[in-house]
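These are the residues of each chain, in order.
There are 2 protein chains.
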Amino acid sequence: MEITPLKNYIQTNVDFSEAELDTFCSYFTQKTVSKKDFLLKQGNICRFEGFVIKGCFRLFSLDKEGRENVLYFAIKNWWVTDIDSFTNQKPAHLSIQALEDSEILLINKTNKDRLYTELPKVEQLFRIMTQKTLVSLQRRLIRNHSDSAQERYDHFVTTYPEINQKITDRQVAAYLGITHEFVSKIRNKRMQKKIE
Amino acid sequence: MEITPLKNYIQTNVDFSEAELDTFCSYFTQKTVSKKDFLLKQGNICRFEGFVIKGCFRLFSLDKEGRENVLYFAIKNWWVTDIDSFTNQKPAHLSIQALEDSEILLINKTNKDRLYTELPKVEQLFRIMTQKTLVSLQRRLIRNHSDSAQERYDHFVTTYPEINQKITDRQVAAYLGITHEFVSKIRNKRMQKKIE
DNA sequence: TCAAAATGTTGAACAAGTTCAACAAAGGAT
DNA sequence: ATCCTTTGTTGAACTTGTTCAACATTTTGA
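Protein chains in written order, with our numbering: chain U, 5 to 200; chain L, 5 to 200.
List time: in silico DSS-like cross-link candidates among lysine-lysine, alpha-carbon distance up to 27 Å:
1) L:K170 / L:K39
2) U:K68 / L:K193
3) L:K189 / U:K68
4) L:K125 / U:K94
5) U:K136 / L:K68
6) L:K125 / U:K113
7) L:K136 / U:K45
8) L:K136 / U:K116
9) L:K11 / U:K125
10) L:K136 / U:K113
11) U:K136 / L:K125
12) U:K136 / L:K80
13) L:K68 / U:K193
14) U:K125 / L:K116
15) L:K136 / U:K136
16) L:K125 / U:K116
17) U:K68 / L:K136
18) U:K125 / L:K125
19) L:K125 / U:K11
20) U:K136 / L:K113
Hints are computed from structural coordinates only; laboratory data are not their basis.
Since the structure is predicted, the reported quantities are computational estimates derived from the model, not experimental observations.
Generate coordinates for the entire structure from the input sequences, incorporating the hints supplied.
Structure representation (C-alpha cells):
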C-alpha cells in the first residue's frame, strides 16, 4: 500500500509522531478504480473518505434539468467524500467518478470514528483541513459573482494546470457553470479578434 | 453578559458538561455594535471570532470594479469571522459590518488557542461547525450554477425569512450576485405578466 | 481495425441579466 | 418639519452567455 503520500500530506498540516502517522495510516485500505467507474452515486450512502494517490476524480451533482454540475476535481493529494452523507450516513447529494484509472486510499466510518477517539490530534487535522477547504470555497463563490466566464476560465487554467491537462473542456465547463460551447469560444479567442 | 444563547448553541452540536460550557463561555466578551459600524475591514487582521446575540451583520468583499459581494448575513446564533485572517493572523479578504444595532460575543486568538488546549472537545465542536458550513456552501455554489436568478431569490426568501426581513433588496442582490434593479424586476413579477 | 460514441468548433437566433438614466418613495439627521 | 441621502421602480438599449444544429475530429470499445 502506498502510504507515503498520505504521511507527507498529514505532516504539512499537523505535528504527528512517526508512530501516530503509522496508526493513522493503518486504518486505510488502497483501492484501484478504473476510468468511468463510480466510487459513489447520488442517493446512496457514502461509506468512505478517500485520499487520492494517482489519477483523477470528479465530484458532481445532477440538477433538475439533468445537467451535471462539478463541485471539484481531485487529483493526487486531494480528498474525496460527500461529507454530509459520510458523517451522518444519509443519502448523498454528490456522485464521485474516476476520469482516469486511479488509485485511492479509503477509510470507512467505523475506522474514522476510532481514529478520532484513539488519536485526538485527528480532530485538529480534519478541522484545519476543513477550514482550508471552506476558505477556498468562499473565495470561489465570490469569484463566481465578480468575474466573467473568460476570467473564471483563465483563473482555473492557471491555478490548476495539472488538473486542466487531465480533463475535457466539457468537464471544465461543468465546473465553471457555463456551456461547453462557450468554453470553446473562449479558448479560441475569436470573439476577441472580432472586436479588434 | 448574555451567555445563554451561546450555551444553547454549543449543546446542539457537542456534548459538554455544565462546567465545560462555563469554561468555554468565560473566554468571550460581549460587545455592542452600532448600525453601520465595522467589526472588520478588508486588509486589516481579524482579531476575533464572534457569536451574534442580537441584530444583523453582513460579511462582504469588494471586487476590482468596486462592487460589494456579500458572502453571507449573520443574525442571532450565527458566527462571524474571516477564518483565514483570524487563524493565520494575516490581512482579511472580508469586511464585517453591522446592518442594525447589534450585540455580539467575541473571543480573541490567544483565548481561542487556550480553549483548544484546555478543552480538547472544542476541536470537535469547531470541526463539526466548519463541516456544516462547508456543506451548505457547497450546495449554494451548485445552486448558483443550476438555478436562475428568480429561483435563487425565491430560495433565499423562503430559507431565510428572518434575514430577508432585516435587509434591503440591494443587500439581497449583493448576496445573490445580481443587480438590485433585477431584484426589483423579479419581486414585482411584471416580467412574468408580460409573458402571460 | 473499424464503427460508434464522445468531444470540440462554429454560426445564427435567442434569453437572461446588465447598464444607464430618470423619477418616486422612504428614512435619517438636525 | 425639512433637507439630504438611500432605496426602490421602470424602461430602453445593450452585453454576456445559451440553445440548437450541423459538421469535423478524436477516442473508445468490440
